[in-house]
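Colleague: The residues making up each chain are set out below.
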Amino acid sequence: MARDAVLRVADLQTHFFTFGGARVVRAVDGVSFTLHAGETLGLVGESGSGKTTTCLSIVGLLPRAGRIVGGSVLFEGADLTRKSQRELRRIRGRRIAVILQDPMASLNPLFTIFRQVAEPAFFHQHLRGRSLRERVQSLLRAVRIPSPEWRMREYPHQMSGGMRQRIVGAIALAGGPRLVIADEPTTNLDVTIQAQYLDLLKDIQRETGVALIFVTHNLGIVAKMCDRVAVMYAGKLVEQAPVRELFDAPKHPYTRALLGSMPKLGSKEPLYSIRGHPPNLASLPSGCSFHPRCPDVMPRCMTEEPRDFRPGDGSVARCWLLDDVLTRS
Amino acid sequence: MSQFIIRRILYSVVTLFILSATIFLIVRLTGDPVALMAEASARPEDLERIRHQWGLDRSWPVQYATFMQNALTGELGKSFNYRLPVSELYFQRLPNSLTLGLAATLISLLIGIPAGIISAVKVNTAWDNVAKGVALLGLSIPGFWLGLVLILVFSVWLRWLPTSGSGDWRHVVMPALALGWYFAASMLRLTRSSMLEVLGSEYIKLARLKGLPDFVVIAMHAFKNALIPVFTLAGVNMVVMVNAAVIIEVIFAWPGIGRLLYEGIFQRDFPLVQGVVIMAGFMIIGINLFVDVLYAFIDPRIRLSR
Ligand SMILES: Nc1ncnc2c1ncn2[C@@H]1O[C@H](COP(=O)(O)OP(=O)(O)OP(=O)(O)O)[C@@H](O)[C@H]1O
Ligand code: SF4
Ligand SMILES: [Mg+2]
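Quick note, the sequences are listed as chains A and B, same order. According to our numbering, the first sequence is numbered sequentially starting from 1. According to our numbering, the second sequence is numbered sequentially starting from 1.
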């Protein structure tokens, strides 16, 4: 594909420094991926694997203890890790939008829907008065809120969960972004609402050509929504592949374990049951971080960290098994 | 909303009832007022006559019933000591106490809220540590001690302010500072914790993700939400400062309700003590109702529910 990349993340490393720096949590530890316009990347992995931290690193809005210690985030050609908060504020909410997980909690209970949807257009595009009202109404219409001219005067507590999530979607669209990052946007919605919301996101993507990063625990949603998938384990991307390849021929033992424990589409069951526990990110196992839990573990896995292998079908995986396969054939 | 108010008023009536019974009992446990005021040479039949005149020779239930009956018609009884209606004494002193209480409230808000916000926004920095230190000092230094230090510095050494009494604004400064000090510290702590909680919320995260200026995120999105518990405390604090600034009013010879209460307790002036306490109870209930209405203004979840 000759299209320009919207986002090019290279060897991103984000650590949390707690106890005055005595404890370093390597939440994101060398993540690389590329995203083009109109494309959707699924980011999956167990709880605590660093998905949210990856998303927040891209927009430069980490919790106090977190810091990007290496790598780059090229967005439309400029490295966001080198930008000041002031410059980033002009990008956030305008060029890059983030949708948070909890629709009940992400709207301010004391402000009207109008005000909350209008803010990006007010501060970024300096719209006022009538043009601002029209903009808000068209955004609400775009996310299928019925009679927006009435609804926008209401408060979040007067709306259903699904509606609130769509309003959060309208806020994301308000600045006309080129990249939308959705961090588990449907976990708290019931199944039909969830499906409607995903369809809506797809429609909007078709209309606007926005690039989408979709974080989820649910591989069923990945199959439905995404073009490519990145599987995250203990701060690293262990496998990245086009959706078909990933489901048909998973390369990494961790991916296989995820697929083996895949919940039904829309099920709220807390994800996978893979034997053992995710590692402590402040003191990772030697060699391959997955080796204490890996069914295919080999002696070298315990000492040598695997590098990325590219078996040639568009996928990338970090596992010594591929070294054997590739060298034998 | 109206159902909510009716329920609140019912609770208030019950609370006032319990308060009146409690204070009625407590003052009577302090001893016999007649014995206290009589001279040693007084004849027993004179004492008996005074007891009868004050109604103290009747049984407690009868006394309480009389007290309540009068209270319900707005009559709080006659002070033993001043021989004047308690309500008259109370309202005579009220303007002074309001002046002092409002000044102290203003001081506590002006120090406590901004310092609490800075402390929360700059959490775990030097700013925060300074604010936490101030809060600790405020809560641990007794008001009377601060009052004495202020008198020493500003009246005795610098001769800027009068040591005591009332008159113009210069009389108010020191007692208001000494009184507001502790409440400023409690305001600071509550504002800080309330603000920290709000700043950690998802909607503040989304506000930042929208690329809003920090000022808008903190002063509009966060502050309005964090304000709600702070208001309640401010209301209750003010009532306490108006009605029970006993030590400060005594130190600065401020002619307010606190000193009236002090004299009442000292002289076992039952109707006076009962009256002041009941009035304070009334005021707390009034302020709480006011704060509830204020909430409804701020919070659409309350305003728009039936
Ligand atoms: N503020 C913080 N301070 C210290 N460590 C943190 C902080 N936030 C996250 N972490 C750590 O960083 C790691 C990655 O967390 P992150 O929230 O990115 O995971 P996640 O993949 O999004 O998980 P989930 O699926 O539960 O949302 C975790 O081990 C977590 O303990
Ligand atoms: S490198 Fe070794 S331990 Fe790690 S996933 Fe591959 S086989 Fe398992
Ligand atoms: Mg997360």
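No wet-lab data here; the hints were simulated from the structure. Treat the hints with caution; some may be incorrect.
[Stated by the list, open to error] In the BS3-like style, the derived pairs of lysine-lysine whose C-alpha atoms are separated by at most 30 Å in a straight line are:
#1 A:Lys224 / B:Lys122
#2 A:Lys83 / B:Lys205
#3 A:Lys83 / B:Lys132
#4 B:Lys205 / A:Lys202
[To be verified] Chain A stretches covered by chain B per the calculated footprint, using a threshold of three residues with CB under 8 Å from any CB of chain B:
#5 14-23
#6 95-101
#7 115-123
#8 203-209
#9 218-226
For every residue, glycine included, the Cβ atom is placed at its ideal position computed from N, Cα and C.
Colleague: All hints, please: hold or fail.
Modeller: Outcome of the hint check:
{"no.": "1", "hint": "A:Lys224 / B:Lys122", "in the structure": "44 Å, violated"}
{"no.": "2", "hint": "A:Lys83 / B:Lys205", "in the structure": "20 Å, holds"}
{"no.": "3", "hint": "A:Lys83 / B:Lys132", "in the structure": "33 Å, violated"}
{"no.": "4", "hint": "B:Lys205 / A:Lys202", "in the structure": "25 Å, holds"}
{"no.": "5", "hint": "14-23", "in the structure": "violated (count 0)"}
{"no.": "6", "hint": "95-101", "in the structure": "holds (count 4)"}
{"no.": "7", "hint": "115-123", "in the structure": "holds (count 3)"}
{"no.": "8", "hint": "203-209", "in the structure": "violated (count 0)"}
{"no.": "9", "hint": "218-226", "in the structure": "violated (count 0)"}
In this structure, the hints that do not hold are numbers 1, 3, 5, 8 and 9, in rising order.
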